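Here is what each chain is made of, one letter per residue.
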Amino acid sequence: MTSAVTTLKPESTHRDESRIWKKLKGNKSAALGFILVLFFVGIAVLAPILPIDDPTGTSWSAIRKAPSDAYWFGTDELGRDILSRMIWGAQASLLAGVVSVAIAVLIGVPFGLIAGYFGGWLDGIISRATDALLATPFLILAIALAAFLGPSLTNAMIAIGLSAMPIFVRLTRGQVLSVKTEDYVEGARAIGLSHTLIILRYILPNVFAPILVQATLAVATAIIAEASLSFLGLGQQPPAPSWGSMLNVAKNFLSQAPWMAMWPGAAIFLVVLGFNLLGDGLRDALDPRET
Amino acid sequence: MYSYIGRRILITIPTLLLVSVFVFILQKLLPGDPILVLAGEERDPEVIAFLREKYRLNDPIPYQYFYWISSVLQGDFGISLRTNQPVLELIKEKLPVTIQLAVMAMIIAFVIGIPTGILSAIKKGTITDYLANIVALSGLSVPNFWLGIMLILLVSVNLGWLPASGYQPLFEDPIKSLQTMIMPAFVLGTALAATLMRHTRSAMLGVLKADYIRTARAKGLFESVVVLKHAFRNALLPIVTLSALLFGELLAGAVLTEQIFTIPGFGKLIVDAVFNRDYAVVQGVVLCTAVGFIFMNLLADVAYLVLNPRLRDQV
Amino acid sequence: MRKLTLAATMAALAVGVAPGISPATAADLRIGLQEDPDVLDPDQSRTFVGRIVYAAVCDKLVDITPDLEIIPQLATGWSWSDDGLTLTMDLREGVTFHDGTPFDAEAVKANIERSKTMPESRRKSELSSIETTQVTGSHQVKFTLASPDATLIAQFADRAGMMLSPTAAAEKGVELGLAPVCSGPFKFVERVQQDRIVLEKFDGYWNKDAIHIDKVTYLPIPDTTVRLANLRAGDLDMLERLAAPDAASVKGDSSLQYAEAVSLGYQGITVNVGNGDRAKNPLGEDPRIRQALELSIDREALNQVVFEGAFKPGNQSFPTTSPWYDKSLPMPARDVEKAKSLLKEAGYDKLEIEVQVANNPVQMQVMQVVQAMAAEAGFDVKIKATEFATLLQEQSAGNYQGSQIGWSGRVDPDGNIHQFMTCKGGINDSKYCNPEIDALLNAARQSTDNAVRKAKYDEARKILSKDLPIIYLYHQTWIWALSEKVEGFAAYPDGMIRLENVKIN
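For the record, the sequence lines run as chains A, B and C. Here the first sequence is numbered in the working numbering, starting from 1 and rising by one per residue. Here the second sequence is numbered in the working numbering, starting from 292 and rising by one per residue. Here the third sequence is numbered in the working numbering, starting from 607 and rising by one per residue.
Honestly, the hints are just simulated from the structure, not real lab data. It should be emphasised that the depicted structure is a prediction, and the values quoted were computed from it without experimental measurement. For every residue, glycine included, the Cβ atom is placed at its ideal position computed from N, Cα and C. Treat the hints loosely; a few may be bogus.
[Stated by the list, open to error] Some but not every residue of chain B turned toward chain C, in silico, with C-beta under 7 Å:
{"id": "1", "residue": "327"}
{"id": "2", "residue": "333"}
{"id": "3", "residue": "339"}
{"id": "4", "residue": "437"}
{"id": "5", "residue": "443"}
{"id": "6", "residue": "444"}
{"id": "7", "residue": "445"}
{"id": "8", "residue": "452"}
{"id": "9", "residue": "455"}
{"id": "10", "residue": "456"}
[To be verified] Mimicking PhoX-like on lysine-lysine, the simulated pairs with C-alpha atoms at most 20 Å apart in a straight line are:
{"id": "11", "chain 1": "B", "residue 1": "415", "chain 2": "A", "residue 2": "23"}
{"id": "12", "chain 1": "C", "residue 1": "730", "chain 2": "B", "residue 2": "345"}
{"id": "13", "chain 1": "B", "residue 1": "345", "chain 2": "A", "residue 2": "28"}
{"id": "14", "chain 1": "C", "residue 1": "1072", "chain 2": "C", "residue 2": "1062"}
{"id": "15", "chain 1": "C", "residue 1": "1060", "chain 2": "C", "residue 2": "1072"}
{"id": "16", "chain 1": "B", "residue 1": "345", "chain 2": "C", "residue 2": "1060"}
{"id": "17", "chain 1": "B", "residue 1": "345", "chain 2": "A", "residue 2": "25"}
{"id": "18", "chain 1": "B", "residue 1": "345", "chain 2": "C", "residue 2": "722"}
{"id": "19", "chain 1": "B", "residue 1": "345", "chain 2": "A", "residue 2": "23"}
{"id": "20", "chain 1": "B", "residue 1": "415", "chain 2": "A", "residue 2": "28"}
[Unchecked claim] Far from chain B, some chain C residues (derived; all Cβ distances over 12 Å):
{"id": "21", "residue": "646"}
{"id": "22", "residue": "674"}
{"id": "23", "residue": "694"}
{"id": "24", "residue": "707"}
{"id": "25", "residue": "708"}
{"id": "26", "residue": "866"}
{"id": "27", "residue": "886"}
{"id": "28", "residue": "887"}
Given only the sequences and the hints, what does the whole structure look like? Please build it.
Here is the structure:
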């Protein structure tokens, strides 16, 4: 908008990783987010060596028992230890959350950049295809994928990623539209920089914030979506646990066994909180205007 | 700009065609045979053969599509395989319900999401910011069914304040209608509020650091004027994009929430239709929600032009 | 001629309401259903939940008692010829349909023709034995059969016996399902798909003294927790298919009533024994392995874990409460050692099998229990969750090893076994084929002597319990929860809600 902005921009392209890291470390809430995410990743990775019960071990004499000394988190509808299912379920759920969002971002953002930056018929095609994808019910996409790719967690992630993608296309495109008329972009174009260079150096860093925010939010949706897919036979296969499928079953026992919904609900909340706080920190650290 | 809008509306037609072809093909590729379900428990082979013929399921898929699209162009959307009701009638029945729920949910999302987003951006790094974040994120991560059932148990069963279910059309009995819709709208709205809040906060943070805001502050303008007039207006773009998307998604139906509050909207209709392979219903509803998505995205694009006049030269 | 004329007495019972009780004013009844019914035409209908609505809208030729005895409804009496090839029915006089058309022999003939000839009709196989329907009097019909069919009367107690107004049927054709016109106690008012079906009292009902409700609204509420919450909040007066784990809390709630009846149907695992190439696996080829699988399952524990003991464990096509149950073959106790040795005999220490299951939480839970139990005997059960449309397709195409599926049940025992176990049975998806079984089940179908039929079924059961094309697991119990305001509700094993004599205070 003003020339001051123009002078600030080149600096942003020279920032180095250690500076971002330093900023991130200095940010208390980002540190908290980092710890939360690290904690859940930690238990997911360590699940096989932690001294916990078999997550699929049933006990007919301990159906839906409230939390107690024997079962810290209580037991589920088949008498399985919820604590060990939570720990083992972390793997599936974190993967479902992170990988599917990564798929959505990696496909969605480039398309959004192209559509917004070049405009014209490219924008037309990408935008209309996005509309078409948005209008396709998630269920149809999911069942079709389950049928073609076969049931597995990986394919569930692909299905979730594909359905979360359009929002990233639209969001990126919208941001690009607002950024590309800025003076520093016009300036870069005037001096004849290549499109790729302009997009990577001047556009991408400035459209990053909303994408990051959306990505950290989408993790929650993806974790919950995995549940509906495992229900269709596409996600985590029974009896292996995931937080989403635990929640799904808990739905039928909300009044008889409220703890069954409480633990996975709380875990999803904490993971999402962690990712969002971390995302905030990253956002600040990456923001070229922040000093 | 008007010619731009005109052009965009014209483009809608090929887009809708594209959507309908895409969904049609995808549906035909789904496993599961609707006729086996339709034929009843006894699965009489004679009935199966007849129904296949009747619903033209023996024809090659392109023929089926052209038959469907030409009927649609003549205003005939076909009938539901499951209940024999005309699809158009179903859409007419459910559309007002879906729109009412979507509008109410969006209002709640805006009322909660945007002020908290602005507040938490202004008070960044303070307790207020943290609290706003935690509240918003819990709205997002609390599963809809959990919140919905808890609300029914608390508000309807224990307190007896609101009916647990029983949709009333808005124009038949506005008060009862709002009473039955407020809980589901709240459940949906709080989830969306988180998304709006986070994006508002982020966009506001970006804008608040910009030079023109510093300039405005330096000029000694009141903080509230700075925030609302200068900063918020410029932070609107991602919020507009998102609102359009979120509203579009609401139009496609909120299955779980509808199911819990027994609201006869698009969500439940389409899920049942997909599971029963009720092709005509799926096609009809998808076409309808596609119009919704396209319209909302068009609105968003027009809003970009209004908010960022420089873009106007380019369209 | 053996006369089965319970007519006079039973009709009196059905009509017999204590005189002097005046109907309550504007009594509305709201009933929560688990699903939204399909098309509302008895001839095109295919769902259980639809039948619940017909129970109020459409009268049938005959009805059942809670003990499954056949009693008159629109037919007042009937008799079989000695060769079992002719059935003569006397019809109730003074009955009119909701549109004013009188009910008579011509109407019955038209209805039977519609069920048998309308291309969309799902009732054809149920009435296939009827060759001709003759009007032998203004209120008497004679059915001539191609071969003796003991099951026919029971078919008349369900959708095949529901009488539609011939005027409306001729006028509306297949679209009658949008607004059915019958002669039952309530007439159809409106339907909003997935929201409600509204009926109102039919003033011209022949038995209107037994009807104390003015308006009935059926509300499909699929979520069981929410359905119960609606009842508790007073938004419903009764609901069907209460989730078994909720039974205890309903029984303990003084403002609610609890009612139950063991269903006529069953749930089990259908094994692919001869349906295409996928039958060529140890489970499909070797009955010892199926026996081992059965022995590895503790049905009582399954019932306790998933249904808190509310359902009935079972090992036959009829529940243990049924007169047709073969008591000489009781439910085998779980025997893991024997299961292991059978498996070993067949040549396996460990065996992987795949069982598909419909993706609803309860059936998934059932299969996970089976999975855990069978694991102890050496079975590695892979659960394949699919949606119902796919499950059915895979099953009829033979693309499965095991399939967890059930049957809603029929009044006549034939309906629970013949079409599944005979070589050419219409829904024999396991493609089990044994000429001996065919002979026994066909004979049982043709005899009208219940003792003879029972002997045939018992004999067939001896073979089937070794061959095990279907491993029966349990019989569902229909559970209703009602507000204390509702009076006079009777639980029937067919799961229907009959509104005769039901009052709301």
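A quick look at each hint next to the structure:
1. 327: holds, 5 Å
2. 333: holds, 5 Å
3. 339: violated, 9 Å
4. 437: Interface hint status for residue 437/B: violated (11 Å vs cutoff 7 Å).
5. 443: holds, 5 Å
6. 444: holds, 6 Å
7. 445: It is violated, given that the least Cβ distance between residue 445/B and chain C is near 10 Å, above 7 Å.
8. 452: violated, 10 Å
9. 455: holds, 4 Å
10. 456: holds, 6 Å
11. 415/B / 23/A: Holds: residue 415/B and residue 23/A sit about 16 Å apart, inside 20 Å.
12. 730/C / 345/B: With Cα atoms ~18 Å apart, residue 730/C and residue 345/B stay inside 20 Å; holds.
13. 345/B / 28/A: violated, 67 Å
14. 1072/C / 1062/C: holds, 16 Å
15. 1060/C / 1072/C: holds, 19 Å
16. 345/B / 1060/C: Violated - the C-alpha atoms of residue 1060/C and residue 345/B are around 42 Å apart, more than 20 Å.
17. 345/B / 25/A: violated, 68 Å
18. 345/B / 722/C: holds, 18 Å
19. 345/B / 23/A: The given pair, whose Cα atoms are some 68 Å apart, is violated under the 20 Å limit.
20. 415/B / 28/A: Given that 20 Å is the threshold and the Cα spacing comes to 12 Å, the pair holds.
21. 646: violated, 8 Å
22. 674: Holds: least Cβ distance 19 Å, greater than 12 Å.
23. 694: holds, 27 Å
24. 707: Non-interface label on residue 707/C holds, nearest chain B Cβ at 22 Å vs cutoff 12 Å.
25. 708: Residue 708/C clear of chain B: closest Cβ-Cβ about 27 Å, beyond 12 Å.
26. 866: holds, 23 Å
27. 886: Non-interface label stands for residue 886/C: nearest chain B Cβ at 22 Å, farther than 12 Å.
28. 887: holds, 21 Å
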